[in-house]
Amino acid sequence: GAVVSQHPSWVICKSGTSVKIECRSLDFQATTMFWYRQFPKQSLMLMATSNEGSKATYEQGVEKDKFLINHASLTLSTLTVTSAHPEDSSFYICSARGQGAGETQYFGPGTRLLVL
Amino acid sequence: AQRVTQPEKLLSVFKGAPVELKCNYSYSGSPELFWYVQYSRQRLQLLLRHISRESIKGFTADLNKGETSFHLKKPFAQEEDSAMYYCALSINDMRFGAGTRLTVKP
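Heads up: the protein sequence lines correspond to chains A and B, in order. All the letters of the first sequence, read from the start, carry residue numbers 1 to 116 under our numbering. All the letters of the second sequence, read from the start, carry residue numbers 1 to 106 under our numbering.
Bound conformation, chain A alone:
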């Protein structure tokens, strides 16, 4: 099946710094990528949807200037958490859908972010 990877798997950073998380589709071209956030013992909440070469569409309540999403190629999307604060600590999960993967969304393993 289609594989989606994320890097890093976990990151600890100081408050005020920026963190970049990468999401890659390894064996298919992801025309659409999704970024989710999952708090402990809660469900996944969609943050934004990005189509390759276009600006991301953010869900209500998600600050686009804080969570910068770039989807510059068909195999890579990045999420940058700018000026991170402790309340941004969470589990960030990407998923991808596209050519060679059908309409199914395939999920990455997630990135755990801890902001001190």
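A hint or two may mislead.
Claimed, not checked - Here's a subset of chain B near chain A, in silico, CB distances under 8 Å, partners left out:
hint: 1; residue: Lys15
hint: 2; residue: Ala17
hint: 3; residue: Leu44
hint: 4; residue: Tyr86
hint: 5; residue: Met94
hint: 6; residue: Phe96
hint: 7; residue: Gly97
hint: 8; residue: Ala98
As the list claims (entries may be wrong) - Straight line, CA to CA, 20 Å or less: simulated EDC-like cross-link-like pairs of lysine to aspartate or glutamate:
hint: 9; chain 1: A; residue 1: Lys66; chain 2: A; residue 2: Asp27
hint: 10; chain 1: B; residue 1: Lys73; chain 2: B; residue 2: Glu32
hint: 11; chain 1: A; residue 1: Lys55; chain 2: B; residue 2: Asp81
hint: 12; chain 1: A; residue 1: Lys64; chain 2: B; residue 2: Glu32
hint: 13; chain 1: A; residue 1: Lys41; chain 2: B; residue 2: Glu8
hint: 14; chain 1: B; residue 1: Lys9; chain 2: B; residue 2: Glu80
hint: 15; chain 1: B; residue 1: Lys65; chain 2: B; residue 2: Glu32
hint: 16; chain 1: A; residue 1: Lys14; chain 2: A; residue 2: Glu59
hint: 17; chain 1: A; residue 1: Lys41; chain 2: B; residue 2: Asp81
hint: 18; chain 1: A; residue 1: Lys64; chain 2: A; residue 2: Glu52
hint: 19; chain 1: B; residue 1: Lys73; chain 2: B; residue 2: Asp93
hint: 20; chain 1: B; residue 1: Lys105; chain 2: B; residue 2: Glu79
Honestly, the hints are just simulated from the structure, not real lab data. Every residue gets a Cβ at the ideal spot worked out from N, C-alpha and C, and that includes glycine.
With chain A's structure known, arrange chain B on it following the hints.
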């Protein structure tokens, strides 16, 4: 707006007993529904989708448009079925229910 409801946060059954995880959705059109499973310390995995009408690991789910439900069922639960189960509804993007943690006791 599309919404997915999983009314049970926790569900516990004994090995060999039948199990049903409930999922209700709200959407006025023709939905595309999925069940995803997340085993401990692993990524989300697709369990099944309604359009394929297949059985995976003994699990089945039938879309009931009249009741707007997509309940997940298995006649004989196994200990290895213990996991977090998410029902999801896909239109242009995928929305998840709150999830149900299934524990199968020996």
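Here is how each hint holds up against the structure:
A hinted interface residue such as Lys15 of chain B counts as satisfied when its beta carbon comes closer than 8 Å to some beta carbon of chain A; here the least separation is about 25 Å, so the hint is violated. With a cut of 8 Å, the hint placing Ala17 of chain B at the interface with chain A is violated, because the nearest CB-to-CB distance is about 25 Å. The beta carbon of Leu44 of chain B is positioned within 8 Å of a beta carbon in chain A (closest approach about 4 Å), and the interface hint is therefore held. For Tyr86 of chain B, the suggested interface contact is upheld, since its CB lies about 7 Å from the closest CB of chain A, less than 8 Å.
Because the beta carbon of Met94 of chain B sits about 5 Å from the nearest beta carbon in chain A, less than 8 Å, this interface hint is met. The beta carbon of Phe96 of chain B is positioned within 8 Å of a beta carbon in chain A (closest approach about 5 Å), and the interface hint is therefore held. Hint status for Gly97 of chain B: holds, given a least beta-carbon distance of 6 Å to chain A, under 8 Å. With its C-beta approaching chain A no nearer than about 5 Å, Ala98 of chain B sits inside the 8 Å limit, and its interface hint holds.
For the hint linking Lys66 of chain A to Asp27 of chain A, the alpha-carbon distance of about 30 Å lies beyond 20 Å, and the restraint is violated. This hinted pair checks out: Lys73 of chain B and Glu32 of chain B have alpha carbons roughly 18 Å apart, not beyond 20 Å. Straight-line distance between C-alpha atoms of Lys55 of chain A and Asp81 of chain B comes to about 40 Å, which puts the hinted pair past the 20 Å bound. About 28 Å separates the Cα atoms of Lys64 of chain A and Glu32 of chain B, which puts this hinted pair outside 20 Å; it is violated.
Proposed proximity of Lys41 of chain A and Glu8 of chain B is supported: the alpha carbons are some 13 Å apart, at most 20 Å. The hinted pair formed by Lys9 of chain B and Glu80 of chain B meets the criterion: a straight-line CA distance of about 19 Å does not exceed 20 Å. For a cut-off of 20 Å, the pair hint linking Lys65 of chain B to Glu32 of chain B stands: about 11 Å separates their Cα positions. Proximity of Lys14 of chain A to Glu59 of chain A is assessed by CA-CA distance (about 26 Å); at most 20 Å being required, the pair is judged violated.
For the given pair, Lys41 of chain A sits about 18 Å from Asp81 of chain B by alpha-carbon distance, which is consistent with the 20 Å threshold. With a CA separation close to 17 Å, the supplied pair Lys64 of chain A and Glu52 of chain A stays within the 20 Å bound. Of the supplied pair hints, the one linking Lys73 of chain B and Asp93 of chain B is violated, its CA atoms being roughly 25 Å apart against a limit of 20 Å. Distance restraint check for Lys105 of chain B and Glu79 of chain B: the Cα-Cα separation of roughly 6 Å lies within the 20 Å cut-off, and the hinted pair is therefore satisfied.
Hint compliance for this structure: hints 1, 2, 9, 11, 12, 16, 19 are broken, all remaining hints hold.
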